[in-house]
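J.: Could you put together the complete structure from these sequences and hints?
Chains A and B, in that order, are what the protein sequence lines are. What the first sequence shows, in our numbering, is residues 357 to 757, in sequence order. What the second sequence shows, in our numbering, is residues 1021 to 1087, in sequence order.
Keep in mind that the hints were calculated from the coordinates and are not lab data. C-beta atoms are modelled at their ideal positions from N, C-alpha and C, and glycine is treated no differently. Each hint can be trusted.
Keeping only pairs whose Cα atoms sit at most 16 Å apart, straight-line, the calculated EDC-like set for lysine to aspartate or glutamate is:
(1) B:Lys1067 - B:Asp1045
(2) A:Lys663 - A:Glu427
(3) B:Lys1029 - B:Glu1081
(4) B:Lys1067 - B:Glu1081
(5) B:Lys1067 - A:Asp632
(6) B:Lys1029 - B:Glu1082
(7) B:Lys1067 - B:Glu1042
(8) B:Lys1029 - A:Asp419
(9) B:Lys1067 - A:Asp691
From the structure, some residues in chain B lie toward chain A, with a derived Cβ separation under 8 Å:
(10) Gln1031
(11) Gly1034
(12) Tyr1037
(13) Leu1070
(14) Ala1073
Spelled out from the first residue to the last, the chains are:
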Amino acid sequence: MGTSTAPVSSWASDFDVMAPEYVADPFSIWDELRSACPVAHTDRRGSTWLPTRYADVTAMAHDVEHFSSLEVAVIPFEGEAPDEPLLPYGLPPISSDPPLHTWTRRLLLPWFSHRRVATYEAMTRALCRGLIDGFAAQGRADAAADYAQQIPVRVIAHILGVSPDLADTFTGWVRDVLEFADDPERRARGVQGLLNYFIAEVALRRDEPGEDLLSELLRTEVDGAPMEESLVLGSAALVLIAGVDTTWSAIGSSLWHLAAHPDDRARLVADPALMDLAVEELLRAYSPVTMARVVTTDVEFEGCPMKAGDRILMNFPAANRDPEVFDRADTVVLDRAHNRHVAFGSGIHRCAGSNLARMELRVALEEWLAHIPEFHLDGDDEVTWAGGQVRGPRRLPVVFP
Amino acid sequence: MRIRVDPDKCQGHGRCYGLAPELFDIDDYGLSTVVGDGSVPAALEEKARLAVANCPEFAIEEVPASP
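T.: Put into structure tokens, the structure is as follows:
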């Protein structure tokens, strides 16, 4: 399997989601593919398919028999994964199919229910205000690094019952695993850092259990026996990995949009009641997350001969830009009333943290706009984006004179 | 107007509850059910239509009036 860095010869047959032009502007590439070749293919990083239509992406998400979640990394782990002996099941429930998926997911869901998420709102709001207080007087900030990136990791640390002082360390590990996945050494370092940390935390909680998610997982019994430690570690690592740069990317992309579109910014400031619909529309237009699936048995899908072991990139972001489903799909319409977007996926793997992500995005935007209602980009060229599994701005310099 | 949620389709996105908390109950796993028998007061019909039109799983539908 090649990780060729050669320029893309054809987006239909040689796509590369890590190519700089794809990271910078995937939207025009998807538009082209949807009409020319709606399920694209590449042999980069192994035989992989890329659907771009809403109907295809959601159909595949619902067909868990042919499209398994045993491999969900957009950049596949090559050879012996360093974590293999420690995490035989990966990070359940995201990396599992039923029946393991079903019960491990039920363990996590109540921590992210509407009711529970409401109890995290006050600390999220205080956190956002504290961050804004730190840079408001300076008239400029990096809205990605100084703000968006700082929020979800601390909320997740609170839920897991781990120290918020380690936020930067957690962020580093998560970026190593997801954002720098093309660098095997860096990725292995991130995986190892996360695992070692949670192994130590599990030992601490066996001695002194608390009311946090990690302690709760350790108390869980399955068929009369304690839940396997590898499953506890996998689920805890999942909550951190999945809850950090996904939401931070959504917050960053939304602030980028508002910085770059003064009319939308002014409209949202003038009419805060628009916020709930605006949050959904920003999630639709800038969906951060792409997940992978692996084909279980040879199958023909929309005329494409898929082989067992081929990988699928579940292109939820492209589905959400499909003009067959969304009127003016490439335009942000803050009060879009009909919006069946699948930013959080579709089917049984619907993001378990979607309520939390929505709350964080809403509160982060509310607090920013309440304190910094006027802001704009500090020179377009300085914004940098990450892509692959999660797309969002990593540097977002804005000024608010 | 009456609505119902198909429990086999609902995956707990929670969009209906977010748009119309008066019309839906949601459990700890995110699964949605209609309040009461799903009858929608006239004043909430617009909200009910929004809930139908925003469900990513097409799990909510209007129940046709009995003939």
